[in-house]
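K.L.:
Same order as they appear, the protein sequences are chains P and X.
Sequential numbering from 1 applies to the first sequence in UniProt numbering.
Sequential numbering from 1 applies to the second sequence in UniProt numbering.
One or more hints might be untrue.
[Unchecked claim] Using C-beta positions, here's what the derived DEER-type ranges look like:
no.	chain 1	residue 1	chain 2	residue 2	range
1	P	Leu116	X	Asp254	54 to 60 Å
2	P	Arg154	X	Asp96	38 to 44 Å
3	P	Pro143	X	Ala18	26 to 32 Å
Hint data in this document are derived by calculation from the structure and do not stem from the laboratory.
The beta-carbon is built from N, C-alpha and C at its ideal position, and this holds for glycine as well.
There are 2 protein chains.
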Amino acid sequence: MAEQSSLGEFGAIAAYFAPLAGPEGLGLLDDAALYTPPPGQTLVLTKDAMVAGVHFFPDESPMLVARKLARVNLSDLAAMGAEPVGYLLAVAVPKDKAEYWMKGLAEGFAQVQMLLDWRLWGGDTVTTTGPVTLSMTAIGTVPEGQALRRSGARAGDRVFVSGTIGDAALGLLQRQGKLGQLPQEAADFLRQRLCLPNPRLGLGVALRGLAHAAQDVSDGLAADLGHLAAASGLAARITLERIPQSAAAREVMDSFPELKPQIFAGDDYELLFTVAPDRVAAVAALSRDLNLALTDIGEMCDPATVDWTGVRLFHEDGSAAEEAIGGYRHF
Amino acid sequence: MAEQSSLGEFGAIAAYFAPLAGPEGLGLLDDAALYTPPPGQTLVLTKDAMVAGVHFFPDESPMLVARKLARVNLSDLAAMGAEPVGYLLAVAVPKDKAEYWMKGLAEGFAQVQMLLDWRLWGGDTVTTTGPVTLSMTAIGTVPEGQALRRSGARAGDRVFVSGTIGDAALGLLQRQGKLGQLPQEAADFLRQRLCLPNPRLGLGVALRGLAHAAQDVSDGLAADLGHLAAASGLAARITLERIPQSAAAREVMDSFPELKPQIFAGDDYELLFTVAPDRVAAVAALSRDLNLALTDIGEMCDPATVDWTGVRLFHEDGSAAEEAIGGYRHF
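With the hints as constraints, model all of the structure from the sequences given.
P.N.:
Printed below as a string of structure tokens:
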């Protein structure tokens, strides 16, 4: 509580953050926020942190960083079928850049709030001698007993993923200058996918009562499906050719075939979910309703009836695909 | 999500943090925590951050840092009359010290949890190239409509403070080597008061329906009373000689009279609260019940009937005391 700027800490909070506050935030003037959930609702709470130089480029605009932090947290809420209601922030910024960051972050959060009935409830602003470090606690609600979990998958379930996979990893390589000169449209698309993931909130809500298990893709498709499989006590198989890729990603991977394994590396913040085989038609209908690709990429398996644990990759002809994507075996 | 240690991130979370998790934390294996508050309860949510080198000494033991972080957050819950139910953590640590910190922090939180029915619900562990940076979101509950606020004080209310004031500021000066050689007992006491504040949770609960307004002392007694007065649209007067000081603090200030203003500088995490004049006897009874000093230090005033705004200091004889404590006029 020692940051100095032309406005001072309390002045900067009043100028930039107080306009973002919901009534639960008590004008950001009290010791804590107050929230009474509607009867029959369960709270969903998640917390993600981001460090400059680790999770975002130090020269990235604060506005863009705020939007990514918000979207990453919202993606966790989406994965559990929750609707966002509020958030708290911890902001650690160098003293001489405190006001620049607070102003820019607030602009970014304001943009997110324009799209959602989701308000700032409180937090803390401190100075640091190190890199900008941010954390957000996002709070959502879901009707009691309807939260999506990682652990509900059943053997025989089809595995679906939303949107396209691999864009974020390629966006990062591009930002690091490792992809050479891409066509502008592809470059913009991949950068957008890296910096501004789309939390699949509408999908998460629609999957209540439909999906047996769900989670978002934040550690990479195979690793995350591995988490879901482990939590459900199952194995899983993915058909490599079915993994949905954007036109931009396909274009890049055609030029750089050695990047194929990157499809499993990125934090795409799409939803991964499993449904009973007889609900596949319902998923197709949902895909049309939401105008969002929902692609059947594989199957959950009983580890007792297959000869592996975790996640295995296969080609469409049934042959093993691990070799085809090189040494990528993090799972 | 990139920290490496002998256990790896997921291994370290499983080894150190999962044992701290309540059922709401879903074994720390899901995307978020789930909590259904009992009917009729309002949630109280607060978030505080701490940075090595700013809020604690970089060589401080992780266990002690965890305990301070917990207690600081619990103090915010206490100030609103809430009972703690859970917390989420964000931990940013250098890669080469990740396991050391996670292990030590978990030990510290485990110690706090032994005293309270308060469990870890989730969070995020990341690496940083800078100082250790921690944030906690603490969640509590209070019966609907009974939360203590800063804004409820009324003119004529007596101003009370719990415990003793100034110890934390002196503990910091001592830790910085600015107090010379103190008697061991005094040194230990002041250090304890700095590193391990006592969140006044029992007092906060007992003040429901008794105090008109409350908050904890985290920016210094006068500054915090200033916040409370501003939130209530009032002014306040404090009688300097009534401010409760520990024997150790009195001893130090007798030797270093120039430190007198430090009484207003520290984060003592005591509770500051106001009650109607006819409830003073109830506060005295509460003090006996809790075996905790609750001292009447002043009065809330209608700014229209006194000639000042904010907080003013007076001697017992009614003369102005600002001069007596030097230039300390942060309020």
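K.L.:
If a hint holds in the structure, say so; if it does not, say that too.
P.N.:
Taking the hints in turn, this is what the structure says about them:
1. P:Leu116 - X:Asp254: 54 to 60 Å: holds (58 Å)
2. P:Arg154 - X:Asp96: 38 to 44 Å: holds (42 Å)
3. P:Pro143 - X:Ala18: 26 to 32 Å: At roughly 28 Å between Cβ atoms, alanine 18 (chain X) and proline 143 (chain P) fall inside 26 to 32 Å, so the hint holds.
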